[in-house]
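Chains as they are written, first to last, in my numbering: chain R, 1 to 369; chain H, 1 to 370; chain C, 1 to 158.
Honestly, I wouldn't trust all of these hints.
[Unchecked claim] Only part of the chain R face toward chain H is listed, based on derived beta-carbon distances under 8 Å:
id : residue
1  : Ile56
2  : Gln57
3  : Leu58
4  : Thr231
5  : Phe322
6  : Arg324
7  : Arg326
8  : Ile327
9  : Gln329
[As the list claims (entries may be wrong)] Covered stretches of chain H, as calculated for chain R (at least 3 residues, CB under 8 Å):
id : segment
10 : 108-122
11 : 194-202
12 : 351-358
Read the hints as simulated data drawn from the structure, not as lab findings.
Even glycine gets a Cβ: it sits at the ideal position worked out from N, Cα and C.
Residues per chain, in single letters:
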Amino acid sequence: MERLIVKAFVKLGLGSPPEWAILLIIGLIAGIVLLVFILLYEGLATYIERKVAGDIQLRYGPNRVGPYGILQFVADGLKLFFKEDIIHSQADRLLFRVAPYIVFTGSFVGLAVIPFSAEWCAGRLNVGVLFILATTSLVVAGLAMAGWAQANKWGLLGGMRAVAQIVSYEVAVGIALLVPIIHIGSLDLQQAVLYQKKGWGILGWTIFHDPFTFIAFFIYFIAAIAECNRTPFDLPEGESELVAGYFTEYTGFRFAFFFMAEYGDMFVVSALASCLFLGGWHIPFIEDLIKLPILHNILGSIVLIAKVMVLILIMMWVRWTFPRLRIDQLMALTWKRLIPLGLLMLLLTSLWDLVFDRKGFFELIGIIK
Amino acid sequence: MIRSQEMLINMGPQHPSTHGVLRLILRTDGEFVYDVDPCVGYLHRSLEKIAENLTYPQFIPITDRLDYLAAINCNFVYCHTVERLMGIEVPLRAQYIRVIACELNRIASHLIMFGTMGMDMGAFTPFLYAIRERERINDLLEELTGARLTYNYIRIGGVAHDIPEGWKEKCLEFINYFRPRIKEYNDLLSYNAIFMKRLGGVGVLTTEDAINYGVTGPNLRATGFKWDLRKNMPYSSYDKFEFEVPVGTGEGGKLGDAFDRYMIRIKEMMESSKIIEQALLSLPEGEIMAKVPRVLKVKEGEIYFAAENPRGETGFYIKSNGGTKPERVKIRGASFSNIHALKKVLQGVLIQDLVAIVGSFDIILPESDR
Amino acid sequence: MSGGEIYKILKERFGEKIGEFKDGHQPSIEIDKGIIKELAKFLKEDNRFLFDHLVYVTALDEKTKIKVIWCLFSYTYKHYLMLKADLDRENPEVETVSDIWATAEWHERETYDFFGINFKGHPDLRRILLPDDWEGYPLRKDYVPPEFYHGIDNRYKR
Chain R
1 MERLIVKAFV KLGLGSPPEW AILLIIGLIA GIVLLVFILL YEGLATYIER
51 KVAGDIQLRY GPNRVGPYGI LQFVADGLKL FFKEDIIHSQ ADRLLFRVAP
101 YIVFTGSFVG LAVIPFSAEW CAGRLNVGVL FILATTSLVV AGLAMAGWAQ
151 ANKWGLLGGM RAVAQIVSYE VAVGIALLVP IIHIGSLDLQ QAVLYQKKGW
201 GILGWTIFHD PFTFIAFFIY FIAAIAECNR TPFDLPEGES ELVAGYFTEY
251 TGFRFAFFFM AEYGDMFVVS ALASCLFLGG WHIPFIEDLI KLPILHNILG
301 SIVLIAKVMV LILIMMWVRW TFPRLRIDQL MALTWKRLIP LGLLMLLLTS
351 LWDLVFDRKG FFELIGIIK
Chain H
1 MIRSQEMLIN MGPQHPSTHG VLRLILRTDG EFVYDVDPCV GYLHRSLEKI
51 AENLTYPQFI PITDRLDYLA AINCNFVYCH TVERLMGIEV PLRAQYIRVI
101 ACELNRIASH LIMFGTMGMD MGAFTPFLYA IRERERINDL LEELTGARLT
151 YNYIRIGGVA HDIPEGWKEK CLEFINYFRP RIKEYNDLLS YNAIFMKRLG
201 GVGVLTTEDA INYGVTGPNL RATGFKWDLR KNMPYSSYDK FEFEVPVGTG
251 EGGKLGDAFD RYMIRIKEMM ESSKIIEQAL LSLPEGEIMA KVPRVLKVKE
301 GEIYFAAENP RGETGFYIKS NGGTKPERVK IRGASFSNIH ALKKVLQGVL
351 IQDLVAIVGS FDIILPESDR
Chain C
1 MSGGEIYKIL KERFGEKIGE FKDGHQPSIE IDKGIIKELA KFLKEDNRFL
51 FDHLVYVTAL DEKTKIKVIW CLFSYTYKHY LMLKADLDRE NPEVETVSDI
101 WATAEWHERE TYDFFGINFK GHPDLRRILL PDDWEGYPLR KDYVPPEFYH
151 GIDNRYKR
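In isolation and in its complexed conformation, chain R is listed as follows (with noise of 0.2 Å):
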């Protein structure tokens, strides 16, 4: 990749491109292609979501825009592109603007760190877990911001409620997520996927590794359907309760954002369990058998996106089945029954680590070696 750079540079007559030049060109076509691809997945996400709703709903989703409907996120986007932009006259006008970009890009940045496959990864970084959990943080000042700009005290609500929401269960997703790094032994989650290359690509999964990270992976699962706003726990934005939450006032692209940036947000959690508990890019049984590097890209990026949609879907199915939970009873959920339980899952690992000598369960019954 770097060569290639250097050798456009040269052909331009530029000269020898200085490191930095190297690097910002690199960030940028990454940065562009993750976009795309992300762009690209949330509209299929939104058609997908709606078949996925009629299903359950005994009814068709949309099927008129193209073949099956599946046309339906372009009319939906050009829709929300040409809307009328209100802003009201007794918003706090910077806020209004800034809110939007924010949470679309705390939920955006956790791409850079995921490992589509062994050589496909954005930006390597050895605290890839420590810079997605702080990154989704960002998502916080984002909507407190957008509940406070808009003047609207149903608006300020939901603001409020899912700054609460947020923060709580972010406790949750750290000290799940710090399950199976005790065994990974390192932030890098490239790092993690190669761990778990042993047992055929499946038998090595952490989720197989003690039945704590077992536990671990569900109170992960939980606590980021809960970072997402999904339902049950989209107080936030409950529909039948405030209107529309804390994006009450919001009109057009701008709403059109918050909409990516939940969907976004949902592909970072679920790739962050895939890699960390699922195996990752690994392709079952089949791996050792792939020579060529660009097949094994390829195939290795299909698994992962595979692995992740699964968790989608079943995040979507969660979402059309259960009532919501109220904002008492979901604070109890988190601090007092998920969090303690999380916290005895890594006591717990850490024992079986010391005990059984950093083996998984599948290697101490002698399936793999």
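Chains H and C: place on chain R using the hints.
Then chains H and C, alone, in the frame of chain R:
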């Protein structure tokens, strides 16, 4: 210096979960509601004044619009009040058909309560299941009466048309299809842990308060007080059918909470299906309309009669002075007093509980505003 | 209990203030408007009556006077009773019963809204179904609707 202030939030006439044009002015402290002032009157159409200018049969279509989710029940109350005032004896077949239509409409009304309760809580799917059932009832009633929502079917002295051919079999088939659905609803929504936690122990109404505030119907039965006008003061041959009257049991946490009010309606749907089956199987032959003069002149007098509507006790007070038009018609809507009781129940709850409680009371605004 | 028995007991106790008794579909007793509060308390608490349910409060407009009607019901004995009191047409006033039956609060607001009867001692007497700035009392027989309301044309067009 930090000072906190109470917020006056307006849960305005247009809101996704106030079930109609009800305005609630909340005095809150963030999420905690101190006090509620319900404002009604957004749907006032001066029906009582209109009644003074129309003849008795001309007023029947207007009673449809009184509670559009249970329109046949409202038709029935008005017609029966006039029949009692005039002393008309309705033939037995007409009475049975009236009972069947009223109970079908009761099931349809409770289905909407079940669906919107789920939707208010955030579970969007049960609403569509309820609508699926309700479509079948609407089809049945369309065959019988000709309309899907405002039926205008009951006449003073009987019913308008007789049962068409094949309707009896279709109705029985529907009842057989519907009974297992109630079990499906209980599995999907009623006994869901999150749902029970949201509704259990919330919005408790004691029997004493309920009677003091004039609450009637399923809301009164949920407090543990067994009172159903169909059993305690039977009318229109309800005493010939065997059915039970479900009473609140405190399953969700406390007796008289929102879960009781919700569960009673699910059980009532089951009882209504029993009544319909018994009525269909023992439907007598005969006339469907009594001998009533063309131009109805009601003799002088006054009467109050109330029937058990899906929402409570809806009654008509009619004063006649011997002519073809009534002198005064007073409609006692069940939802009027139910909304008044909200003032007592909604003190010291969270905003999300408020939505649950207002949904569990199952109010409808046209009945309250007339 | 039948209407006749109720009337006898009330006549014994209150004497002059109880007027005519008509036995129709529901027994109705004419009373003097001054005793309504005492009578209401008596009817609610006495063990022979136990009228705990106030069904409605409404009024009738007869040409020379306005008649207020209270309809009572007892869940224990299953009997109805209608109390009627005549009020002066120019300045109709009567005491409220909303401290005895809480539901009377809204029913009396509605009667004030439609007939203009002033219920003395009512905690919050204002219009309930009509807009707050409406003029006139619609259910009176001599009511003429206003021609314009906030600029909306309200005249009857043929």
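These are the hints, each one checked on the structure:
Against a cut-off of 8 Å between C-beta atoms, the interface hint on R/Ile56 holds, since the closest Cβ of chain H lies about 6 Å away. Annotation: interface hint on R/Gln57 holds; nearest CB of chain H at approximately 4 Å, less than 8 Å. Evaluation of the R/Leu58 hint against chain H yields a held restraint, the C-beta minimum of about 6 Å falling below 8 Å. Proximity of R/Thr231 to chain H holds as hinted, the smallest CB-CB distance being about 5 Å (cut-off 8 Å).
Hint status for R/Phe322 relative to chain H: holds, with the closest Cβ pair at about 6 Å, below 8 Å. Hint status for R/Arg324: holds, given a least beta-carbon distance of 3 Å to chain H, under 8 Å. A least Cβ separation of about 5 Å between R/Arg326 and chain H falls short of the 8 Å threshold, and the interface hint therefore holds. Because the beta carbon of R/Ile327 sits about 6 Å from the nearest beta carbon in chain H, less than 8 Å, this interface hint is met.
This hint holds: R/Gln329 has a C-beta 6 Å from the nearest C-beta of chain H, less than the 8 Å allowed. Coverage of the segment 108-122 of chain H by chain R holds in this model, with 5 residues showing a Cβ closer than 8 Å to a Cβ of that chain against a need of three. Only residues whose beta carbon comes within less than 8 Å of a beta carbon in chain R count, and the segment 194-202 of chain H has 4; three or more means the coverage holds. Restraint check on the segment 351-358 of chain H versus chain R: 4 residues with Cβ-Cβ distances below 8 Å, three needed, restraint holds.
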